[in-house]
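Chemist: Now for the letters of each chain:
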Amino acid sequence: MIYGLIDLQSSTLRIGQAGHPSPVLTHNGGNCQALGTGGMPIGVWPDIDFDFIETAISAGDRLVLYSDGVTECLNPRGEQFGSQRLLEAVEEVCGENLDTMIAKLIEKINAWREGREPDDDISLMVVQM
Amino acid sequence: MKFEEAKSGDILVLTVASDRVAAESTQSFKQGLAEYAAQGNDKIVLDLSRVSFVDSSGLGALISVLKLIGASGELVLCSTQPNVASMLKLTRMNKVFRIFGNRDEAIAALS
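If you read the protein sequences in the order shown, they are chains A and B.
Here the numbering used here is used: the first residue of the first sequence is 1, the next is one more, and so on.
Here the numbering used here is used: the first residue of the second sequence is 1, the next is one more, and so on.
Derived by calculation from the structure, the hints in this document are not laboratory data.
Quick caveat: nothing in here was measured; it's all calculated off a predicted structure.
Note that the Cβ used here is the ideal one computed from N, Cα and C, for glycine as well.
Careful: at least some of the hints might be erroneous.
[As the list claims (entries may be wrong)] Simulated crosslink set (EDC-like; lysine to aspartate or glutamate; CA at most 16 Å straight-line):
1) K108(A) - E92(A)
2) K7(B) - D19(B)
3) K108(A) - E88(A)
4) K104(A) - E92(A)
5) K104(A) - E88(A)
6) K95(B) - D51(A)
7) K89(B) - D51(A)
8) K108(A) - E79(A)
9) K7(B) - D42(B)
10) K95(B) - E74(B)
11) K67(B) - E92(A)
12) K2(B) - D42(B)
13) K95(B) - D47(A)
14) K43(B) - E74(B)
15) K95(B) - D49(A)
[Stated by the list, open to error] Quick look at which bits of chain B chain A covers, simulated, 3 or more residues with Cβ under 8 Å:
16) 30-37
17) 45-58
[Unchecked claim] One side only, chain A facing chain B, incomplete, derived with CB under 7 Å:
18) G19
19) G38
20) M40
21) P41
22) I122
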């Protein structure tokens with residue numbers, strides 16, 4: 001699970017990461033960074049200190065959120081799409097308008113699958129500040 | 001889910017004989033491990049050398065068996081492939097399970 005707060009007044013993004021893959025933040029169509037390094041999933045133990053990340057955001061920045069079905073998406077050779085490949089894909093398309101960016105990311109994931117049926121849901125969301 | 005068994009003293013070494021521990025096999029995976037635990041095996045090395053993929057349900061099954069074994073026993077992991085090691089690190093399971101590079105190290109740690 002991942003939970004976030006976008007504070008438009010202070011221009012900050014705060015994310016609580018509970019075992020969810022690290023989202024990618026793009027800055028004005030340029031710099032892209034994966035946020036966080038993971039965290040313990042919800043419900044494992046009664047008392048967990050969850051990982052929180054806080055970062056500054058600006059108008060035009062985009063936050064790419066996705067399910068693990070994206071990075072764990074396998075091609076017919078059993079290779080995962082992976083977080084590095086996703087980061088590179090985001091870097092490649094982050095300069096496009098929002099709809100095109102999303103369409104191209106989905107295109108890349110589908111191209112990776114080469115027709116292989118996904119084993120898990122593939123969910124992708126991009127939030128533009 | 002099949003496991004290959006080996007014994008080293010009072011330590012049971014189980015090699016997961018599948019390349020995936022995911023939704024379609026989690027139930028049998030959990031059931032199999034639970035049966036070993038119920039037989040009184042409280043020191044278990046789970047060899048994941050053949051497993052290339054574990055999803056969140058597989059992770060849940062591992063945690064469930066760990067809780068079943070309880071504080072008096074040990075369930076440790078060894079020989080994780082890079083994808084699985086990465087997932088265990090992302091979910092901080094490397095802080096919940098002791099994870100060893102190979103079977104010998106795992107057995108030595110439990111001995």
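Chemist: Would the pair K104(A) and E92(A) pass a check requiring their Cα atoms to be no farther apart than 16 Å?
Modeler: 9 Å, holds
Chemist: Given G38(A) was flagged as interface, is its beta-carbon under 7 Å from a beta-carbon of chain B?
Modeler: 3 Å, holds
Chemist: Within the region 30-37 of chain B, is the number of residues with a Cβ closer than 8 Å to a Cβ of chain A three or more?
Modeler: With 0 residues closer than 8 Å to chain A, the region 30-37 of chain B misses the three-residue bar; violated.
Chemist: Counting residues of the region 45-58 of chain B whose CB is closer than 8 Å to a CB in chain A, do you get three or more?
Modeler: holds (count 4)
Chemist: Against chain B, with CB atoms and a cut of 7 Å, does the hint on P41(A) hold up?
Modeler: It holds, given that the least Cβ distance between P41(A) and chain B is near 6 Å, below 7 Å.
Chemist: Is the straight-line distance between the alpha-carbon of K7(B) and that of D42(B) 16 Å or less?
Modeler: 12 Å, holds
Chemist: Hint G19(A) vs chain B: min CB-CB distance below 7 Å?
Modeler: 4 Å, holds
Chemist: Hint check: K108(A) vs E88(A), CA-CA at most 16 Å. Holds or violated?
Modeler: 11 Å, holds
Chemist: Under the criterion that the straight-line Cα-Cα distance not exceed 16 Å, is the pair K43(B), E74(B) satisfied?
Modeler: 5 Å, holds
Chemist: Straight-line Cα separation of K95(B) and D47(A) no greater than 16 Å?
Modeler: 14 Å, holds
Chemist: Does K2(B) pair with D42(B) here, judged by a C-alpha cut-off of 16 Å?
Modeler: With Cα atoms ~19 Å apart, K2(B) and D42(B) exceed 16 Å; violated.
Chemist: Taken at face value, is the distance from the CA of E74(B) to the CA of K95(B) at most 16 Å?
Modeler: With Cα atoms ~14 Å apart, K95(B) and E74(B) stay inside 16 Å; holds.
In this structure, the hints that do not hold are numbers 2, 11, 12, 16, 22, in rising order.
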